[in-house]
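**Q** For reference, the chains in residue letters:
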Amino acid sequence: MPLLDMQGIGMDYGAIRALGRVDFSVEPGQIVGMMGDNGAGKSTLVKIIAGNFLPTHGQVHFDGHPVRFSNPEDARNAGIEVVYQDLALADNLSGAANVFLGREMRRRIGPFQVLDHVGMSRRATELFRELRSETRADDLVRSMSGGQRQAVAIARTRLAAAKLVLLDEPTAAISVRQVAEVLDLMRTMRDHGTAVVFVSHLMLHVFSVCDRITVLRRGEKVADKRIGATTPEEVTALITGALETA
Amino acid sequence: MSQSTQAASEFTNVVRPPWWRRGALAGQSAYVLAALVVLVAGIWIIAPVFMTLRNLGNIATNFSFVGLMSLGETLVIITGGIDLSVGSVCAMSAVAMMMVLRLLVHTPLAEVPLLTLALAVLVAVALAVVAGWVNGLLVADLRLSPFVTTLGMLSVCRGLTFVLTQGRPQYPTGPDVAVFIHLTKGTVLGVPVQVVYLVLMALLVGLVLRHRVWGRHLYAIGGNAHAAGLAGIHVRKITISVYVLSAFFAGLTGVLMAGWLGAAPANLAMGYELHVIAATVIGGANLLGGVGGAVGAVLGSVLIEVVRNGFVLIGANAYWEQVFVGLIIIAAVLVDQVRTRRMT
Numbered sequence: 001m002p003l004l005d006m007q008g009i010g011m012d013y014g015a016i017r018a019l020g021r022v023d024f025s026v027e028p029g030q031i032v033g034m035m036g037d038n039g040a041g042k043s044t045l046v047k048i049i050a051g052n053f054l055p056t057h058g059q060v061h062f063d064g065h066p067v068r069f070s071n072p073e074d075a076r077n078a079g080i081e082v083v084y085q086d087l088a089l090a091d092n093l094s095g096a097a098n099v100f101l102g103r104e105m106r107r108r109i110g111p112f113q114v115l116d117h118v119g120m121s122r123r124a125t126e127l128f129r130e131l132r133s134e135t136r137a138d139d140l141v142r143s144m145s146g147g148q149r150q151a152v153a154i155a156r157t158r159l160a161a162a163k164l165v166l167l168d169e170p171t172a173a174i175s176v177r178q179v180a181e182v183l184d185l186m187r188t189m190r191d192h193g194t195a196v197v198f199v200s201h202l203m204l205h206v207f208s209v210c211d212r213i214t215v216l217r218r219g220e221k222v223a224d225k226r227i228g229a230t231t232p233e234e235v236t237a238l239i240t241g242a243l244e245t246a
Numbered sequence: 001m002s003q004s005t006q007a008a009s010e011f012t013n014v015v016r017p018p019w020w021r022r023g024a025l026a027g028q029s030a031y032v033l034a035a036l037v038v039l040v041a042g043i044w045i046i047a048p049v050f051m052t053l054r055n056l057g058n059i060a061t062n063f064s065f066v067g068l069m070s071l072g073e074t075l076v077i078i079t080g081g082i083d084l085s086v087g088s089v090c091a092m093s094a095v096a097m098m099m100v101l102r103l104l105v106h107t108p109l110a111e112v113p114l115l116t117l118a119l120a121v122l123v124a125v126a127l128a129v130v131a132g133w134v135n136g137l138l139v140a141d142l143r144l145s146p147f148v149t150t151l152g153m154l155s156v157c158r159g160l161t162f163v164l165t166q167g168r169p170q171y172p173t174g175p176d177v178a179v180f181i182h183l184t185k186g187t188v189l190g191v192p193v194q195v196v197y198l199v200l201m202a203l204l205v206g207l208v209l210r211h212r213v214w215g216r217h218l219y220a221i222g223g224n225a226h227a228a229g230l231a232g233i234h235v236r237k238i239t240i241s242v243y244v245l246s247a248f249f250a251g252l253t254g255v256l257m258a259g260w261l262g263a264a265p266a267n268l269a270m271g272y273e274l275h276v277i278a279a280t281v282i283g284g285a286n287l288l289g290g291v292g293g294a295v296g297a298v299l300g301s302v303l304i305e306v307v308r309n310g311f312v313l314i315g316a317n318a319y320w321e322q323v324f325v326g327l328i329i330i331a332a333v334l335v336d337q338v339r340t341r342r343m344t
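As they're listed, the protein sequences go chains G and R. Everything in the first sequence is counted per the numbering used here, starting at 1 for the first residue and increasing by one. Everything in the second sequence is counted per the numbering used here, starting at 1 for the first residue and increasing by one.
Please keep in mind that the hints were generated in silico from the structure rather than gathered at the bench. Be aware that a few hints might be false.
As the list claims (entries may be wrong) - So the derived label-pair ranges between C-beta atoms look like this:
{"hint": "1", "chain 1": "R", "residue 1": "Trp133", "chain 2": "G", "residue 2": "Asp211", "range": "51 to 61 Å"}
{"hint": "2", "chain 1": "R", "residue 1": "Leu288", "chain 2": "G", "residue 2": "Arg177", "range": "23 to 33 Å"}
{"hint": "3", "chain 1": "R", "residue 1": "Ser155", "chain 2": "G", "residue 2": "Arg177", "range": "49 to 59 Å"}
To be verified - Cβ-to-Cβ under 7 Å is the rule here; a few derived chain R residues that face chain G:
{"hint": "4", "residue": "His211"}
{"hint": "5", "residue": "Val213"}
{"hint": "6", "residue": "Ala220"}
{"hint": "7", "residue": "Asn224"}
{"hint": "8", "residue": "Ala227"}
{"hint": "9", "residue": "Ala231"}
{"hint": "10", "residue": "Gly290"}
Every value quoted in this text rests on a predicted model; they were computed, and no experiment measured them. In this text, a Cβ means the ideal position worked out from N, Cα and C, and glycines have one as well.
Same shape as in the complex, but just chain G (with noise of 0.2 Å):
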């Protein structure tokens, strides 16, 4: 059974329709490649499925339950979490400051709520260990690497045990050897059972990591296939509309 699952998702805005009826799934563990040319409709069928946007129609199932998320809140307390592209860190907070940020551990002194340093720091560690990255807790997010920077916002959506993830373009901005330290998160998020959605127009990190890839063009899905089934040539023959459909 789909853990997101999602038919005939439109989105109008008045006579304009963004988002023709669309139909989305994601399984458990599985990483998908959403694939399209800007103003295919990709960060608004992400925005619906990240509370934003309430789509003007269709019907949308998270883990068995028919939902409406009508905004960020109601789809974090689901289960599913974003990574945006610009990450949405405090460069002047430490890692863990950041992993932590809104939920912040506490612990008393006496009549007194203070921030618990010490387990927030040693929590945000071990969750840099099960992402099998390098990055120190304690550092400040200012001095991290990209790729640091990128598991410290996964870090985030790890704390949260969300079940689905959003990732929107995490690999277009930083350099190849911090590529390859984003795609292996993502694998290690899948190994725990998250969903994936990876939003990307880079047809080589794509077809490295996802199982499944989705392609939108002007609104309408294209193809939706297994990654063993198609080649970078064809994907990128959909996303221009050389190919109609596959």
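Using the hints, position chain R against chain G.
**A** Positioned in the frame of chain G, the structure of chain R alone reads:
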């Protein structure tokens, strides 16, 4: 802890920062403290009168006022804002307090011990808090620039102070004056009482910044307000709260200054916002947000006051004092810049 640091040191792709970027030396406070020690030693050698109890008491009283306001200013600056209205709010509170005392002196309320004093302080601080709250609403809800908003509030509050008093200084009156003077001009174990207030407040602010969730969220907002919002932090509420607290500290300082002077002139604390911001910045707060602390704010205030006092004692031309303070501010920003330049 030691286990995790050991594991971390084996990482191949992360360099451990050099010793001069770690521990106490990672912050600005160590450098300000060093500068302070050098300055004090220098002034002491040239003008031995510097180290007399009387002079130190004078310095301490002066830096306490700037220091208290710097604590509030630091909170605002950590979130990436700025509060230019502190000097005016300070004067407005001081004057309002004196006027409430005079209004109540012939009412039956004056029969109850300390009641008029308590009411006057309450009104003074409440007035400051209202000004801060308006600042906060304008910045957080209407997204006005903190600089312009609080510049406006600077003018509004100073103007109101002159309107209320018609430019005449106000004096404390009523049955509680003796207690008021005692609470604002006395000493505790030989330490000026203002210093006691400063130390208590600095301790409180320092602990809250370091150990409370609210403090952590201030830094997050200053570092990346967008990320803070996405993480579910109540950016709006926290932003309003720092402007309210900054005004609260300014109002409190106004009350203390009025007691110490025995009067509240309408031009009280005129131009103090510059000393306050300078002290905060010298102490390591970054006007871009995300950095700053209570210890730094206090050290910055001490440094400025020592320089001002030292200039007088050494017999240097007093006009040069401002030049020197200005150079220190620039030097502080320079040290901060060099210190935090990204490692490559």
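**Q** Taking the hints in turn, state whether each one holds.
**A** Hints, one by one, checked against the model:
1. R:Trp133 x G:Asp211: 51 to 61 Å: Since the Cβ atoms of Trp133 (chain R) and Asp211 (chain G) sit about 54 Å apart, the hinted range of 51 to 61 Å holds.
2. R:Leu288 x G:Arg177: 23 to 33 Å: Between Leu288 (chain R) and Arg177 (chain G), where Cβ atoms are some 30 Å apart, the hint holds.
3. R:Ser155 x G:Arg177: 49 to 59 Å: At 55 Å between Cβs, range holds.
4. His211: Holds: closest Cβ of chain G sits about 4 Å from His211 (chain R), inside 7 Å.
5. Val213: 5 Å, holds
6. Ala220: The hint holds - Ala220 (chain R) has a Cβ within 7 Å of chain G, the shortest such distance being about 5 Å.
7. Asn224: Given a least distance of 4 Å, the restraint on Asn224 (chain R) holds.
8. Ala227: 4 Å, holds
9. Ala231: 3 Å, holds
10. Gly290: 4 Å, holds
Hint check: no violations occur; every hint is consistent with the structure.
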